[in-house]
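Protein chains: 2
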Amino acid sequence: MQNFNFCSPTYFEFGKNTENKAAELVKKFKGSKILLHYGTASIKKSGLYDRVISSLKSGGIDFVELGGVQANPIDTLVYEGIELCRKENVDFILAVGGGSVIDSSKAIAAGTMYNGDFWDFYSGKYIETALPVGTILTIAAAGSEGSCNSVITKVDGKLKRGATGEVIRPVFSILNPELTQTLPPYHTAAGATDIIVHILERYFTNTQEVEVTDRICEGLLKTMFNQTPRVIENPNDYEARANIMWAGMVAHNNICGVGREQDWASHGMEHELSAFYGAIHGAGLAVINPAWMKFVSRKNPDKFKQFAKWVWGVTDIKEAIENYTAFLKRIGMPSSIKEFGAKEEDIPLLAKHIGLTEEHTFGSYVKLNIHDVEEIYRLAL
Amino acid sequence: MQNFNFCSPTYFEFGKNTENKAAELVKKFKGSKILLHYGTASIKKSGLYDRVISSLKSGGIDFVELGGVQANPIDTLVYEGIELCRKENVDFILAVGGGSVIDSSKAIAAGTMYNGDFWDFYSGKYIETALPVGTILTIAAAGSEGSCNSVITKVDGKLKRGATGEVIRPVFSILNPELTQTLPPYHTAAGATDIIVHILERYFTNTQEVEVTDRICEGLLKTMFNQTPRVIENPNDYEARANIMWAGMVAHNNICGVGREQDWASHGMEHELSAFYGAIHGAGLAVINPAWMKFVSRKNPDKFKQFAKWVWGVTDIKEAIENYTAFLKRIGMPSSIKEFGAKEEDIPLLAKHIGLTEEHTFGSYVKLNIHDVEEIYRLAL
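Protein sequence lines, in the order shown, are assigned to chains H and W. For the first sequence, position 341 matches number 1376 in this note's numbering, and the numbering has no gaps at all. For the second sequence, position 234 matches number 1269 in this note's numbering, and the numbering has no gaps at all.
Mixed in with the good hints there might be a few duds.
Residues from chain W that face chain H, not an exhaustive set, calculated with beta carbons under 10 Å [what the hints assert, rightly or not]:
1) 1241
2) 1251
3) 1252
4) 1255
5) 1275
6) 1279
7) 1347
8) 1349
In the PhoX-like style, the derived pairs of lysine-lysine whose C-alpha atoms are separated by at most 25 Å in a straight line are [to be verified]:
9) 1065/H <-> 1065/W
10) 1160/W <-> 1063/H
11) 1338/H <-> 1344/W
12) 1329/W <-> 1344/H
13) 1338/W <-> 1344/H
14) 1340/H <-> 1344/W
15) 1329/H <-> 1378/H
16) 1068/H <-> 1056/H
17) 1063/W <-> 1160/H
18) 1329/W <-> 1344/W
19) 1344/H <-> 1340/W
20) 1122/W <-> 1065/W
21) 1065/H <-> 1329/W
22) 1364/W <-> 1353/W
23) 1063/H <-> 1065/W
24) 1063/W <-> 1063/H
25) 1378/W <-> 1189/W
FYI, nobody ran anything at the bench for these hints, they're computed from the structure. Note that the Cβ used here is the ideal one computed from N, Cα and C, for glycine as well.
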């Protein structure tokens, strides 16, 4: 096991009706003038918007609003949010939505406190200061509700990039599984896939002697493989939604990733599918991650033997990957990048756009150069 | 799953040589005048004491000392610590030791800020304010390094009681597995047993539909059953020590206990063995917990079926409990309360001392009255 540090201070309020505590929690974390940041019409349609507004008003909390966050949130709205926060002297951001809304909120929170261009943080600069962010989560997926990360897409150049900083971890997150019951099955399944791949990006490692985190990963994977089909069959299954929602947080606050090298090549390859074709992140991962497995398991089978045995109860690596692929198909995920509109001739451009060369690689379980990545995209056709 | 809230803000610094960061972390968490609280001669013998003093001195941190904490820490030393902290205007407590030292530090931290008798907190009053506590952990066992609990024994009356408060969660904990390599095998095994029972107290629940936390519990249990024999055979096995040390924190910061009813009857029964016979807590649990299992599995077999299947890979509950008992024997734990000096005729007094009657029960997986508890003690003879 490697040396590490870990700190996950977010306060989680989990369960039915917990969105009614929004005002109370904003006050607890010293918010007085807040930006209410959200996405499209869905929170208005579901009534969540009205309940949150009502909670804020009855709590006497002053707020301004910025809606319009889309899946794969974009830099232009972040700039708008930063300007609004500065103009209105906002001291707290309340994100009501999924990972996209939370990531957009984190970017605004960091950008408001920064003199330069917020995109610096998405070009490698560590975030040192930010406004506090609270969340009301509406989809179990990104794990952004408990993480110190944010992913934003720069419209100009189709760059989908991540930023990191302990200060952008939400100070509180309200997790009510009921709020996820109105999601379309495709989005539910894509969210579940994102959770699963967050675990797998940590699970596949060359670091030896990490049984404690291995076992947590395997437990979370089994939970996801058992519970996800339940919510696809019955979207109102509260208990399955609850198990998935908590798994989504645990999958990405890094409790299952400490002390070990992590991979993240699948995320890197997927980001290009979102940037070029607007693929829903989890759906992109559902295609890329099994293709990655097929490729890297031939080069480095070690951890795949354990994956086969402890997650799927089989001895054959190929069978384990097939089980995983069948699971993804069963929950309605795509199996080819063609379904997003990608063509074989796009592949060199996709691989090049990541920024890899023959020498410059990414991933760590198996280091991938530009040719490896092209082959993985081809396996995903 | 039940509604819950969860917040575990402790900063963990994990790995080799991390105790050298003591001064840096004390400063980060605003300590200027600290109480260095520790146990007996072992940290002086191992050289840890000198390294910590050196770190504090080179960091320019002013400190006073209070040693002498014993296993099952006592109220009289807590009173002494409170007086010292007040006299010396201490603003931070650094606990160097195991759960006993940390629990004693938490009691002093709460008592210093309280106008009444600190024992009020161990009689049911919730702790609202306390000095910040940091820890350098020397045994993987109690999980106090990441928990909001403390257990103290009142010498007068042999009362071993717990207190709770979010404010007594350590602000930082330094976890260096090397520091646990000098522990005698009996203490190592008792610590491992404590960790295992922390998981089991949460695992055995009547709350349905909690797969995510079940699986985390099962993963941690398997880790403990695999790794503990390694350190009994080779005390210098760093990797096994590291896995156990992190499992010990995860087992008790409640990440595996959220959203579910928990039991804690085994801990309640063990506390009497510590109070009356000075049993090492984990060793007491090694006797009581299997006896509890034998008794309650007859009355409520449901979760035991899952325990048998998912933890031990067997279908027979009796076989699973026998496997568990054999594991405890293999790591050198006692199997009868007689080994602590208890006699059959003591049993009514032990049961009565818990404060139970025919109507007043404790535990939740199976509610136990005074007669049930007597029978469990007899099963533990």
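Each hint tested on the structure:
1. 1241: violated, 15 Å
2. 1251: This hint holds: residue 1251/W lies near chain H, its Cβ roughly 5 Å from the closest one there, short of 10 Å.
3. 1252: holds, 8 Å
4. 1255: It holds, given that the least Cβ distance between residue 1255/W and chain H is near 7 Å, below 10 Å.
5. 1275: This interface hint holds because 8 Å falls under the 10 Å limit.
6. 1279: Holds: closest Cβ of chain H sits about 8 Å from residue 1279/W, inside 10 Å.
7. 1347: violated, 15 Å
8. 1349: Residue 1349/W check fails; min Cβ-Cβ to chain H is 15 Å, beyond 10 Å.
9. 1065/H <-> 1065/W: holds, 20 Å
10. 1160/W <-> 1063/H: holds, 22 Å
11. 1338/H <-> 1344/W: holds, 24 Å
12. 1329/W <-> 1344/H: With a Cα-Cα distance of about 31 Å, the restraint between residue 1329/W and residue 1344/H is violated, given a limit of 25 Å.
13. 1338/W <-> 1344/H: The given pair, whose Cα atoms are some 24 Å apart, holds under the 25 Å limit.
14. 1340/H <-> 1344/W: holds, 22 Å
15. 1329/H <-> 1378/H: holds, 20 Å
16. 1068/H <-> 1056/H: Roughly 17 Å between the alpha carbons, so the hint for residue 1068/H and residue 1056/H holds.
17. 1063/W <-> 1160/H: Distance ~22 Å between residue 1063/W and residue 1160/H Cα, so the pair holds.
18. 1329/W <-> 1344/W: At roughly 17 Å apart (the allowed maximum being 25 Å), residue 1344/W and residue 1329/W satisfy the hint.
19. 1344/H <-> 1340/W: Roughly 22 Å between the alpha carbons, so the hint for residue 1344/H and residue 1340/W holds.
20. 1122/W <-> 1065/W: Measuring from Cα to Cα gives roughly 19 Å; hence the hint holds.
21. 1065/H <-> 1329/W: Answer violated: residue 1065/H to residue 1329/W is near 51 Å, above 25 Å.
22. 1364/W <-> 1353/W: Holds, because 16 Å separates the two Cα atoms, which is no more than 25 Å.
23. 1063/H <-> 1065/W: holds, 22 Å
24. 1063/W <-> 1063/H: Holds. Residue 1063/W to residue 1063/H sits at ~23 Å (cutoff 25 Å).
25. 1378/W <-> 1189/W: holds, 23 Å
Consistency note: the structure conflicts with the earlier hints numbered 1, 7, 8, 12 and 21.
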